[in-house]
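2 protein chains.
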Amino acid sequence: MRVEIWSDIACPWCYVGKARFEKALEAFPHRDGVEVVHRSFELDPGRAKGDVQPVLAMLSKKYGMSQAQAQAGEENLGAQAAAEGLDYRTRDRDHGNTFDLHRLLHLAKERGRQDELIQIFYRANFAEERSLFSEGDERLVELAVEAGLDADEVRKVLADPTAYADEVRADEREAAELGANGVPFFVLDRKYGVSGAQPAEVFTQALTQAWGNRSPLQLIDQGAADAEACGPDGCAVPQQH
Amino acid sequence: MRVEIWSDIACPWCYVGKARFEKALEAFPHRDGVEVVHRSFELDPGRAKGDVQPVLAMLSKKYGMSQAQAQAGEENLGAQAAAEGLDYRTRDRDHGNTFDLHRLLHLAKERGRQDELIQIFYRANFAEERSLFSEGDERLVELAVEAGLDADEVRKVLADPTAYADEVRADEREAAELGANGVPFFVLDRKYGVSGAQPAEVFTQALTQAWGNRSPLQLIDQGAADAEACGPDGCAVPQQH
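As they're listed, the protein sequences go chains A and B.
Residue numbers for the first sequence follow UniProt numbering, beginning at 1 and rising by one.
Residue numbers for the second sequence follow UniProt numbering, beginning at 1 and rising by one.
If you're looking for bench data, these hints aren't it; they were derived computationally from the structure.
If you're wondering where the values come from, they're calculated on a predicted model, not measured in any experiment.
From the three backbone atoms N, C-alpha and C, an ideal C-beta is built for every residue, glycine too.
One or more hints might be untrue.
One side only, chain A facing chain B, incomplete, derived with CB under 10 angstroms [claimed, not checked]: (1) Cys-11; (2) Arg-139; (3) Ala-170; (4) Gly-179; (5) Pro-184.
Calculated pairs, BS3-like style, for lysine-lysine (alpha carbon to alpha carbon, straight line, at most 27 angstroms) [said to hold, decoys possible]: (6) B:Lys-156 - A:Lys-109; (7) B:Lys-156 - A:Lys-191; (8) A:Lys-109 - B:Lys-109; (9) B:Lys-49 - B:Lys-191; (10) A:Lys-49 - A:Lys-61; (11) A:Lys-109 - B:Lys-49; (12) A:Lys-109 - A:Lys-49; (13) A:Lys-191 - B:Lys-191; (14) A:Lys-23 - A:Lys-156; (15) B:Lys-109 - A:Lys-156.
Work the whole structure out from these sequences, hints included.
Given below as C-alpha cells:
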C-alpha cells in the first residue's frame, strides 16, 4: 500500500499533520507494507526567490490582523505541535518561496534520502534558529548534507533552476487533479484521501479502510493467447503466434 | 499513475516483456504521468548461491527434454527478443540464484538507479558474455558501478546477506497476495494486472484503461471537524477542539 503526502515546508499544519500520521502508522499492524512518498505543493508560488518576510508580518499583512492576533495563531499552532512532541518557535520565523526546497526534495527522493531531508527541513524551519530563506543557498546545502546528500550535487541542482522543476510541477498538477486545494493532503493507494492535519485516529481509520479494501486486480490480456511468462516450473514457450 | 513490474533477472520473458511494455509506454500520451517501479520475484529461490549451471543443462534436466529441444526453446526466445530489437545469446548462458541481484536492485532503487541497474543486469545476463553467476561478487560490483552506484556501498551490501533481504521478501509476499504465480507481472495502480510478456498492444490497452479509470478519491475525515490545513489563502486555525 502506498501513502502519498502532499505538503509544503512552509506549512505548519503539514509539520503537525506528518507527526499525527506517523503516530497512526507506527501503531498500524501492516506498517511494513506501507510505503510513504512525499509530494510537492507550494503555498506561495508567486513569491520571488529572495523575497523573505517575518512570518508574523506576513500573516498580519495578508489577513489584515493585528500583530497580536497573528501571534495568538502561532501560539495555538505551537500548542498543537507540542501536543505531538514537536518543538515549534512561535516567534522570529521567516517566510519565503519554497520551490528550491521542493527541487531538493526530489533530488533526495532519487537518492533515497527524502524522508530524512523533509524532516530536517521541517525542524530547521519550525523548531530551530536555522532559516531556510534568509541565509542563502549554503544553508540548504548544509541541511541537505545532514540528510546524507552530496554537497556538490546539491549545489549543482540549486545553481540550475530547471533541475527537478518538472517533477515539482508534476506533483502540483496531480494535487490539483486529485482535488487538493490545501495541504497536508494524504492519498492512500490513489483511492482514499485525508485532507488536513486530522487526529491520528482518522489516519488509523484511513489506513485500516484502505488496507481492507485493497482490491483484487482486474487482469487485462488478449483473451485466448498463451501467457509468455516464467514461473517456478519454468518458462512457457507458446507454440504459435 | 504507477506501474509495478515483478520480474526476475533470470527470466527471459521478463527481458522481452519489459521491452514490449516500454514500447507501449513510449507511445502513451500520458507517459510523463506514469511512474515505473521494479519488484522482486525469484524463479529459483531454492537454489544455493554459487550453485551455477549452464542454462541448457538446467532446462533439459528440469523438463526431461533433450539438449536439442532445450536449444530450440532458446532459439524461439532469441527470435522473440530480436523482434523487440534485443540481443539474446542462445548458447552458453548460465543460471543461478538471483537473491543478491534483487538485493542490489533495492539498493539501486534507494539511490535512484534501479532502472539503470535492471537494464544492465538483463543485458549482461542475456546479451553479453558477462555472467552474473560464475564470476563472483566483483562482477556484480562492476555492473552496479556502471549503473552509477558506489562500489564500496555495493560490496557492503553483498557482504551482508541481511541487507535489503526484507525488501526482497516483501516484494515476493506482495506478488503472492496479488495472485502472481509467474513473471513478468505488471500491476497498474494496484487495480489492473497484466500477466506475461504480452504484445505491446495489450500494454497500451492496460495503460489506457487504467488512466481512464483513475478513480476520484474517497475522503476520510472526522465529519464535522474543521480541517487543519494550509492553502494559498493561509492556514486554517480551528476555534476549538
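Right, here's what the structure says about each hint:
no.	hint	result
1	Cys-11	4 angstroms, holds
2	Arg-139	23 angstroms, violated
3	Ala-170	7 angstroms, holds
4	Gly-179	7 angstroms, holds
5	Pro-184	7 angstroms, holds
6	B:Lys-156 - A:Lys-109	22 angstroms, holds
7	B:Lys-156 - A:Lys-191	39 angstroms, violated
8	A:Lys-109 - B:Lys-109	10 angstroms, holds
9	B:Lys-49 - B:Lys-191	35 angstroms, violated
10	A:Lys-49 - A:Lys-61	19 angstroms, holds
11	A:Lys-109 - B:Lys-49	32 angstroms, violated
12	A:Lys-109 - A:Lys-49	23 angstroms, holds
13	A:Lys-191 - B:Lys-191	10 angstroms, holds
14	A:Lys-23 - A:Lys-156	36 angstroms, violated
15	B:Lys-109 - A:Lys-156	22 angstroms, holds
Checked against the numbered hints above, the structure breaks hints 2, 7, 9, 11 and 14 and satisfies the rest.
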